[in-house]
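Protein chains in written order, with my numbering: chain F, 26 to 210; chain X, 26 to 210.
Don't take each hint at face value.
Covered by chain F, according to a simulated footprint, are these stretches of chain X (three or more residues, beta-carbon under 8 Å) [said to hold, decoys possible]:
id, segment
1, 46-53
2, 61-74
3, 79-87
4, 103-112
5, 118-132
6, 166-176
Hint data in this document are derived by calculation from the structure and do not stem from the laboratory.
Glycine included, C-beta positions come from ideal geometry on N, C-alpha and C.
Protein chains: 2
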Amino acid sequence: MKENIGPKNALYPLPVTLVGSLVDGKPNYITIAHVGIVDLAHLSVSMAKVHYSNAGIRENGEFSVNLPPTGLVKETDYCGLVSGRKADKGSLFEAFYGVLENAPMIRECPVNMACRLEQTLDMPKHDVFIGEIVETFCDTEVLAGGNVDFSRVHPILFAMYDRSYFELGGRFADAWSCGKELMGK
Amino acid sequence: MKENIGPKNALYPLPVTLVGSLVDGKPNYITIAHVGIVDLAHLSVSMAKVHYSNAGIRENGEFSVNLPPTGLVKETDYCGLVSGRKADKGSLFEAFYGVLENAPMIRECPVNMACRLEQTLDMPKHDVFIGEIVETFCDTEVLAGGNVDFSRVHPILFAMYDRSYFELGGRFADAWSCGKELMGK
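Construct all of the structure, not just a fragment, from the sequences and the given hints.
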């Protein structure tokens with residue numbers, strides 16, 4: 026039976042990311058799971074306007090998106106609990122940089138993307154930063170045939186209403202393939 | 026060791042959705058995993074401009090986002106393989122409607138959102154439809170305490186480069202909580 030639960034956003038689970046930026050010249054990281062793929066060259070991160078990082082991203086026009094593994098769940102959750110105004114979150118991780126000098130990436134995260142801010146959606150309480158992905162770095166251990174094997178990344182997946190962090194389960198089917206047997210029916 | 030793999034979008038896994046629309050007055054469904062949360066009231070679905078559904082969404086200003094369970098992986102994959110121009114995908118599922126008469130939802134999917142098109146990002150090859158969530162429906166079996174328990178939804182999670190469908194794993198930590206022990210250190 027269907028139940029109408031009102032206009033609730035139920036587009037979960039989404040991958041938890043740590044968004045890196047320079048604020049007043051220092052690396053800062055914030056936990057963001059309200060993210061999305063815009064197209065293969067662009068992604069979105071939705072950040073409440075109250076956050077400390079937003080001014081740095083606006084000012085520098087650059088940020089990073091890092092995928093923390095389940096083993097870093099405490100550090101990841103902490104970055105969502107404490108503001109960069111009050112704590113130096115930059116010292117939690119080892120930063121590294123690619124060509125974008127204002128997009129600190131996190132060495133301890135197995136997947137890192139350096140982004141150039143392309144546009145910002147001005148929502149009532151959120152800046153939705155749309156970034157062009159300029160460079161992607163991975164730990165060699167998570168690569169298989171030149172691509173990221175997400176079963177090796179151990180990403181943290183998030184659902185909001187019951188405040189859950191989930192692990193990724195097993196690969197169980199092939200995309201653009203398993204539905205072929207229904208063709209022509 | 027870090028490897029630079031070029032500007033690859035690695036914001037995976039993302040939940041696979043079936044986007045419902047009316048095209049020429051008939052329900053059509055397409056498989057879209059390049060999605061995102063914009064804020065709690067809005068979501069995004071990125072749909073290549075070549076798709077049959079896009080004109081219907083533009084014309085009617087309404088669409089649905091449905092979360093198929095792993096048990097429907099073949100039907101879900103099929104909806105991404107075959108165009109509505111060539112096949113009647115509307116007959117695959119039982120449609121139902123809320124207040125939005127142009128947003129057919131899929132009864133067989135445990136979570137359904139009816140959306141009003143609020144704006145469209147015009148990317149080079151994609152329409153990124155940003156929808157206001159007007160109504161959300163769920164199977165009573167996936168609710169726990171009035172919220173969606175995603176472990177009961179059995180969503181399909183997608184990663185592109187190796188064409189993977191993954192299951193959701195177990196809930197392993199509490200958000201806005203497990204990081205508290207690092208506070209004050």
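With a Cβ-Cβ cutoff of 8 Å, does the segment 61-74 of chain X contain at least three residues near chain F? Holds, because 10 residues of the segment 61-74 of chain X bring their Cβ atoms closer than 8 Å to Cβ atoms of chain F.
Establish whether the coverage given for the segment 118-132 of chain X by chain F is satisfied; the threshold is a Cβ-Cβ distance below 8 Å, and no fewer than three residues must meet it. holds (count 3)
Against chain F, does the segment 79-87 of chain X show at least 3 residues with beta-carbon separation below 8 Å? violated (count 0)
Can you confirm whether chain F covers the segment 103-112 of chain X, using C-beta to C-beta distances below 8 Å and requiring at least three such residues? holds (count 5)
Quick check: the segment 46-53 of chain X, covered by chain F? Criterion 3+ residues, Cβ under 8 Å. violated (count 0)
At a Cβ distance under 8 Å, does chain F reach at least three residues of the segment 166-176 of chain X? holds (count 9)
In this structure, the earlier hints numbered 1 and 3 are contradicted, and the remaining ones agree with it.
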